[in-house]
Amino acid sequence: MGCCGGDEDDDLVKQLLPPDSAHDADPSPDPFLASSSEVLSPMNSNFSALASKDLLRAILELLPPADLARSACVCRLWRAVASEREMLERAFKAPWKVRRVLGCVAAILLSASPSGIPSRLWASSD
Amino acid sequence: MSEGTKEPDGGEEKVVLKTHDGQEFTVDMATANQSGTLKNLLSEVGSSSNNPQVIPLPSSITSRVLGKVVEYCQRHAAGGGRRGGMQALEQFDEELVELDKDMLLDVTYAAAFLDVPRLLDLTSQAVADAIKNMSVEEVRHYFGVVSDFTEEEEKVIRSECPWAFE
Chain V
1 MGCCGGDEDD
11 DLVKQLLPPD
21 SAHDADPSPD
31 PFLASSSEVL
41 SPMNSNFSAL
51 ASKDLLRAIL
61 ELLPPADLAR
71 SACVCRLWRA
81 VASEREMLER
91 AFKAPWKVRR
101 VLGCVAAILL
111 SASPSGIPSR
121 LWASSD
Chain P
1 MSEGTKEPDG
11 GEEKVVLKTH
21 DGQEFTVDMA
31 TANQSGTLKN
41 LLSEVGSSSN
51 NPQVIPLPSS
61 ITSRVLGKVV
71 EYCQRHAAGG
81 GRRGGMQALE
91 QFDEELVELD
101 KDMLLDVTYA
111 AAFLDVPRLL
121 DLTSQAVADA
131 IKNMSVEEVR
141 HYFGVVSDFT
151 EEEEKVIRSE
161 CPWAFE
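Chains as they are written, first to last, in full-length UniProt numbering: chain V, 1 to 126; chain P, 1 to 166.
Keep in mind that the hints were calculated from the coordinates and are not lab data. No experiment lies behind these values; they were computed from the predicted model shown. Just so you know, not all the hints are guaranteed correct.
Not everything, but these chain V residues come out facing chain P in the computed CB check (under 10 Å) [as the list claims (entries may be wrong)]:
#	residue
1	R70
2	C75
3	R79
Just so you know, even glycine gets a beta-carbon here, dropped at the ideal spot from N, CA and C.
In isolation and in its complexed conformation, chain V is listed as follows (with noise of 0.2 Å):
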């Protein structure tokens, strides 16, 4: 996470391009963290703790699924820490006591999640 300040105007062009564009660097199944994937967030957070990734990760990854799937909807930062198959993979095999998790975690995640299912926002997009 080596940016901080310098390149804003290399993201904002990131971010107007279309998604599709930034697929080929980036694996990422969602498109909203493909634009911006390296980039910190404007963390307007005063608490330091939650400008690191590492710390955040450590927090988030306590949370049960649905409290995951929610952290996802902050901000982009909290988003990409919170999409990582590691993350979903702890949350969903925890509670359902399973031993591995096969095929895209987000979805089936989601689908476990209290009412309809985004799917959208955190499967692949093929």
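Assemble the complex: chain V is given as a structure, and chain P must be docked to it using the hints.
Coordinates of chain P only, in the frame set by chain V:
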């Protein structure tokens, strides 16, 4: 802070932690070694009671925050063998993380910076517990995070995950 700048007692190795706001915490090696960061550092430079190593800390770790971390490290350096055994230690841990959210997050940051894994577990769990069942807006408000999704993206998210905002 009782564990502030008191004289090191008899011969034992000490180290001085100095916060950005100028406070000094003199701790023994057993306490300092609870922190992976300090342990690594001290294994290279060493420290003695006559000439204790002074370690400056970043401004994000205030004396109030460091006080909490030192309190934890001292208690855990002593282990469960003192003051009522493991049960008392567990209770100490529980009470230690009963903090307001600013303090809790600052201590979380300090625990990560100083690499005190079990303290980090404690504080992370406390933060996770605090945001469980919160709506997205509540989480944003709680942490002072402003959404950086574009208006368009925010609209999509809200329409596809309405339950997250309830």
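Do the hints match the structure? See the list:
A distance limit of 10 Å between C-beta atoms decides the matter here; for R70(V) the minimum to chain P is near 4 Å, and the interface restraint holds. For the restraint placing C75(V) at the interface with chain P, the shortest Cβ-Cβ distance is roughly 5 Å, inside the 10 Å limit, so the hint holds. For R79(V), the shortest C-beta to C-beta distance to chain P is roughly 8 Å, which falls under 10 Å, so the interface hint holds.
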